[in-house]
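Asks: The whole structure should be built from the sequences, with the hints applied where relevant.
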Amino acid sequence: MANGLSNLIRKEIKEMLRDPKIMLGMVLMPLLIFPLMGSAMNISTTAVAESARQVTVSLLDMDHGVMAQSLSAAFRVMNVTLIETQASTVDEALEELQNTNMTTLVVIPNGFSQNLTLGLKGSLKVYSVYKSLSIAEQAKSTVVDIPISVFEAALVRQAIVQAFPDRDPLTVLDPISVSSFSVVKGNVISISPDVLRGLFISQSIGFPMVIMMLLISAMQVAATTISIEKEEKTLETLLTMPISRLGILTGKLVGSVVVAAAGALASLVGVNYYTSSIYGMMPTEAVNLEALGLSMSPLSYGLLGVVMFVTIVSALALAIVVAAFAENVRSAQSMVGFLNIIFIIPSMVLMFADIEILPAPFQVVLYAIPYTHAILAAKAAFMGDYLVMARSIAYVSVFTVVLLYVAAKIFTTEKIVTARISFRKRGAKTASK
Amino acid sequence: MSQPATEAKGLEKTFGNIRALNGLTFTVTKGEIFGLIGPNGAGKTTTLRILATLIKPSSGSAKVFGLDVEKNASEVRGIISYLPEEAGAYRNLSGREYLEFMANFYPVNSYDNHAAVEDAAEISGLGERLRDRVKTYSKGMGRRLLLARALMMKPRLAVLDEPTSGLDVVHAYHVRRIIQDYVKTYGVTVLLSSHNMLEVELLCSRMALINEGRVIGEGTPQELKSIHRASNLEEVFMEATKLG
Chain A
1130 MANGLSNLIR KEIKEMLRDP KIMLGMVLMP LLIFPLMGSA MNISTTAVAE
1180 SARQVTVSLL DMDHGVMAQS LSAAFRVMNV TLIETQASTV DEALEELQNT
1230 NMTTLVVIPN GFSQNLTLGL KGSLKVYSVY KSLSIAEQAK STVVDIPISV
1280 FEAALVRQAI VQAFPDRDPL TVLDPISVSS FSVVKGNVIS ISPDVLRGLF
1330 ISQSIGFPMV IMMLLISAMQ VAATTISIEK EEKTLETLLT MPISRLGILT
1380 GKLVGSVVVA AAGALASLVG VNYYTSSIYG MMPTEAVNLE ALGLSMSPLS
1430 YGLLGVVMFV TIVSALALAI VVAAFAENVR SAQSMVGFLN IIFIIPSMVL
1480 MFADIEILPA PFQVVLYAIP YTHAILAAKA AFMGDYLVMA RSIAYVSVFT
1530 VVLLYVAAKI FTTEKIVTAR ISFRKRGAKT ASK
Chain B
94 MSQPATEAKG LEKTFGNIRA LNGLTFTVTK GEIFGLIGPN GAGKTTTLRI
144 LATLIKPSSG SAKVFGLDVE KNASEVRGII SYLPEEAGAY RNLSGREYLE
194 FMANFYPVNS YDNHAAVEDA AEISGLGERL RDRVKTYSKG MGRRLLLARA
244 LMMKPRLAVL DEPTSGLDVV HAYHVRRIIQ DYVKTYGVTV LLSSHNMLEV
294 ELLCSRMALI NEGRVIGEGT PQELKSIHRA SNLEEVFMEA TKLG
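For the record, the sequence lines run as chains A and B. In the working numbering, each residue's number is its place in the first sequence (first place is 1) plus 1129. In the working numbering, each residue's number is its place in the second sequence (first place is 1) plus 93.
Calculated directly from the structure, the hints in this document are not laboratory data. Nothing here was measured: the structure is a model prediction, and the numbers come from that model. Among the hints, erroneous ones may be present.
[Stated by the list, open to error] Derived CB-CB ranges, DEER-like:
no.	chain 1	residue 1	chain 2	residue 2	range
1	A	E1179	B	D225	54 to 62 Å
2	B	E305	A	F1491	35 to 43 Å
3	B	T107	A	A1519	47 to 55 Å
Every residue, glycine too, gets a C-beta built ideally from N, C-alpha and C.
Replies: Okay, structure coming up:
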């Protein structure tokens, strides 16, 4: 039995690794895609910042007064390159703008300086030319906001000094000082919640996505290992060899787990690169996860590993149970494809919300889906919430044992030979021979 | 009298509303090539699948060298080999890897697995092509590989479902020669099915005619021709079934 089992496991792994679809989809894809995603985001974010920094603004000064000169000075102080246009009308200036790589035109109308000097409201016109709908274009158009705000602040400050010569202008402008702190795992950290938000978003979206993708691809692998035996007409021969049916089931599961584990490892390596790219884009003060108490402890890593293992085994067992009834690989993959909904729903919901804030009936449904617990455990791992992780392990393990029992039952009956659900031209059909 | 290699008694099998076997009874003696012949849907494959422990009879019994195929299924699997009609080999393994994989299921203290693989390589006649992946083989090459696999462990009973199905004349001739030589050399008992009357007459020492899940005649080709006053097995079959 042990000899037959190891023989079967070796063959399963050899066959799967020689299958280009599995090798590409499970191992190479996550190894390449996640780092590429991270690099691409890094490159594009850097490019956006760079292009915003290098932006040149066209200025049509129809006022030529003191205030207009001060405004121009504010632009130069803020390192925004201003090129004064020789156009005499706004239309001419805009037409000129279309033929250059400049995207913003600031128009200072006649009377700007006079109004401001008399204590009236001055008006400015800012035209942003969109050559595409990208974030970079949006960033370029906002580059004039800061110099204008600085200029406005200087005007306000001047007015306050004139009205209240004895007061510090800051006590009028900003009478209340607010200090923000974040309390993480009971530790008070002097970091604004705004800074932490980016980190939480990347964690809560990244992990459910990875778990969902891993389970979906692992199930496809397991379903394929069974259904390909039927499609290639090798199953009947295998079932008459001197190895127990449970041995065959175990061999299939172990072979799939090994390949899925290789896929998981590839995903983790890829995701690690991806997340480090994301953190690289965040402010430096938020990068030190250990200082925030948000790095995973060895126990968290261990428990998360157990959760992932039982989750993968249960997904594989589920795929094998379903694929046992399929006539061929395509039918098996279609049937397993329907099951993806039980990964997609918890992943999508928990990306944007914590389970506790959902309506009670929806919570019950989500808690009943075993794969919800894998995502909850992944989130809990960062917060060091071992109770949630232990609960997840217990629930998914029970579900896995039940599934393995069902799979074993199917393997020991003739259903494994006779059941044939097929998704072909006329839709689903069940037949026995 | 020595123990029969196979003994099927009153075998019945239903799939839903379809009755595939209807009280099928026959006996195969040790060391003979026994043929089950009949038209498509007669119950040949169902019978062989029951004897190969793949499916269970609805009623009746079947024994292989005294072992009940239901109660002693794992022991039966240790002494038989089964070649399904539409069998395949693992496409991403080489021919030799496939033979080694199959041989490794047998305990090394009872079998010389290495010698069995060499034996299979010889009888398959595939030579250097055994190094190539199975997916590059023609249908005939694949069938020869599978037959070599079925015979290499020298099973006490080889159950072969349509062994030459879909093969051209040359490959079919080669496969029949392999079966005859193996029985002669190693005393293996062969139970095969076919709807090719010529093949059965050439290969089998005894046979059972099956129609609608029942045996309608059993004996040597000569005996059956004599009983039905026919010049060949085709006429025997038509006469026995009154289909002609």
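Asks: Does each hint fit the structure? Answer for all of them.
Replies: Results for each hint:
no., hint, verdict
1, A/E1179 / B/D225: 54 to 62 Å, "holds, 55 Å"
2, B/E305 / A/F1491: 35 to 43 Å, "violated, 58 Å"
3, B/T107 / A/A1519: 47 to 55 Å, "holds, 50 Å"
Checked against the numbered hints above, the structure breaks only hint 2 and satisfies the rest.
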